[in-house]
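Here the structure of chain Z is known, so what remains is to put chains W, H and A in place on it, guided by the hints.
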Amino acid sequence: MKREDEQHLPMSAPAEDLVQIVRQPIDPLALMNHVRGPGDGAVASFDGCVRDNSAGRATLYLEYEGYEPMARLKMLEICARIRERFAIHRVAIVHRLGRLEIGETSVFIAVSAAHRGPAFEACRYAIDTLKRIVPIWKKEFFADGAVWADGEIPPSGNPGAPAGV
Amino acid sequence: MKREDEQHLPMSAPAEDLVQIVRQPIDPLALMNHVRGPGDGAVASFDGCVRDNSAGRATLYLEYEGYEPMARLKMLEICARIRERFAIHRVAIVHRLGRLEIGETSVFIAVSAAHRGPAFEACRYAIDTLKRIVPIWKKEFFADGAVWADGEIPPSGNPGAPAGV
Amino acid sequence: MQVKVLFFGSLREIVGRAEESAEIAPGARIEDLFAHFRERHHELAPFRPSLVASRNQEFAPWSEPLAAGDEIAFLPPVSGG
Amino acid sequence: MQVKVLFFGSLREIVGRAEESAEIAPGARIEDLFAHFRERHHELAPFRPSLVASRNQEFAPWSEPLAAGDEIAFLPPVSGG
Chain Z
1 MKREDEQHLP MSAPAEDLVQ IVRQPIDPLA LMNHVRGPGD GAVASFDGCV
51 RDNSAGRATL YLEYEGYEPM ARLKMLEICA RIRERFAIHR VAIVHRLGRL
101 EIGETSVFIA VSAAHRGPAF EACRYAIDTL KRIVPIWKKE FFADGAVWAD
151 GEIPPSGNPG APAGV
Chain W
1001 MKREDEQHLP MSAPAEDLVQ IVRQPIDPLA LMNHVRGPGD GAVASFDGCV
1051 RDNSAGRATL YLEYEGYEPM ARLKMLEICA RIRERFAIHR VAIVHRLGRL
1101 EIGETSVFIA VSAAHRGPAF EACRYAIDTL KRIVPIWKKE FFADGAVWAD
1151 GEIPPSGNPG APAGV
Chain H
2001 MQVKVLFFGS LREIVGRAEE SAEIAPGARI EDLFAHFRER HHELAPFRPS
2051 LVASRNQEFA PWSEPLAAGD EIAFLPPVSG G
Chain A
3001 MQVKVLFFGS LREIVGRAEE SAEIAPGARI EDLFAHFRER HHELAPFRPS
3051 LVASRNQEFA PWSEPLAAGD EIAFLPPVSG G
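Chains as they are written, first to last, in this note's numbering: chain Z, 1 to 165; chain W, 1001 to 1165; chain H, 2001 to 2081; chain A, 3001 to 3081.
It is worth saying that the hints were derived from the structure and are not from the lab. Worth double-checking, as some hints may not be accurate.
Unchecked claim - Each computed BS3-like pair below joins lysine-lysine, with the alpha-carbon atoms no more than 27 Å apart:
#: 1; chain 1: Z; residue 1: 139; chain 2: A; residue 2: 3004
#: 2; chain 1: H; residue 1: 2004; chain 2: W; residue 2: 1131
#: 3; chain 1: Z; residue 1: 131; chain 2: A; residue 2: 3004
#: 4; chain 1: H; residue 1: 2004; chain 2: W; residue 2: 1139
As the list claims (entries may be wrong) - Label pairs and their computed distance ranges (CB to CB):
#: 5; chain 1: Z; residue 1: 55; chain 2: W; residue 2: 1057; range: 22 to 28 Å
#: 6; chain 1: H; residue 1: 2045; chain 2: Z; residue 2: 76; range: 55 to 61 Å
#: 7; chain 1: H; residue 1: 2032; chain 2: W; residue 2: 1153; range: 17 to 23 Å
#: 8; chain 1: W; residue 1: 1080; chain 2: A; residue 2: 3017; range: 54 to 60 Å
All residues carry an ideal CB built from backbone N, CA and C; glycine is no exception.
Isolated chain Z, as found in the complex:
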């Protein structure tokens, strides 16, 4: 469901979508403002932040590492998938890398739409898919050591086809 004033844009133009990998603090307000337009009635957002514990073990801080160019491509792929599946207007996805302290935002996703249903569903789909297919890794530092977080094995082996959801 595209707005009237967008009908002349080519279908493949997510030019308005915002995908970034950054090493500085994320500004959620800028992203929420980026996605909203006059035809929108809803902006759903997800803010992933650093918890002070992992399964009860006290976390000191996290370090995120990414395969940056591929991560960007996968985040763009998420935007494209969202546009195919949900009646949304615009998407912003930003992931931070490097050392993050407790309470800091590691990922922020904002999705605008005329109606709240698609905005919520697309936002949820975006973070669920990001955690499955975007090549980023988190190392958790504890008082007595550090571990690479248990992750998810991305669906693969069938390049070109959309990874199953």
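Relative to chain Z, chains W, H and A alone:
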């Protein structure tokens, strides 16, 4: 699922929740920051904003009117219901009344949780329930007239029992 | 006995006021209070099926008896959000 | 022919480098390239079942043939978000 450091708070203490009815612009960042604590890994937000059209008819602006003390009570009831149903940490719900221009935020909801599932579900539940039970009314102004928006008839007649969802 | 009555949205526009006092007989129910206003404002009648009532800021059945000093509101379908 | 190989997370720590060049025989597949590194770093072996491979920044099956100049990465389970 309460955090360790909250176990001594009385069950009925949503003292940390924020419920407001305002007549000035809403500050989403303040609300997102209000709900997040060190035990949170997720903040889900919903921003309801004024669309430039209603079923294709161009909207000039909106006016919101509320039964303020009862609306506050119902918003607090939503917070309480959310705490019962979802493993969340903190909730903020703010609704604006008066005249709102296109693009402005009429309602903002933020919910924090250790994990994203409950944060998303509680946030969605909050806006869905707000639209059904909170006594607030929206008048839509068009170039050629104004109408009170079609609304939802709140479940009633059984006070004390939670309104069905 | 006296009760306070609040009108919102379309009802407020019909009645021309957001708040009224009403003197009603002991034993009267919310339904009777609505009838009292419907007699003075016939345009209220068609709204009845879509209204819910509140008593002291909580939803209440139309059959609920009133007490002196009650704050009653007749609420059109809500459209916040 | 030569390909570029990238290592991330736990694999980067094992190999001790984020990037390597490898000289491999024409016709080699991604699986063969991994075997090449596994011979030099035996600690890589137990990771194999949980890894996926990428070729030129897209997921690729282990059986995919390599071409000169390819950028190959061995990706541990992802844990962004």
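Now for the hints, and whether the structure bears them out:
1. 139/Z to 3004/A: Between residue 139/Z and residue 3004/A the Cα gap is close to 25 Å, so the pair holds against 27 Å.
2. 2004/H to 1131/W: Measuring from Cα to Cα gives roughly 26 Å; hence the hint holds.
3. 131/Z to 3004/A: Given that 27 Å is the threshold and the Cα spacing comes to 26 Å, the pair holds.
4. 2004/H to 1139/W: Given that 27 Å is the threshold and the Cα spacing comes to 25 Å, the pair holds.
5. 55/Z to 1057/W: 22 to 28 Å: At 53 Å between Cβs, range violated.
6. 2045/H to 76/Z: 55 to 61 Å: With a Cβ separation near 58 Å, residue 2045/H and residue 76/Z satisfy 55 to 61 Å, so the hint holds.
7. 2032/H to 1153/W: 17 to 23 Å: Between residue 2032/H and residue 1153/W, where Cβ atoms are some 21 Å apart, the hint holds.
8. 1080/W to 3017/A: 54 to 60 Å: holds (55 Å)
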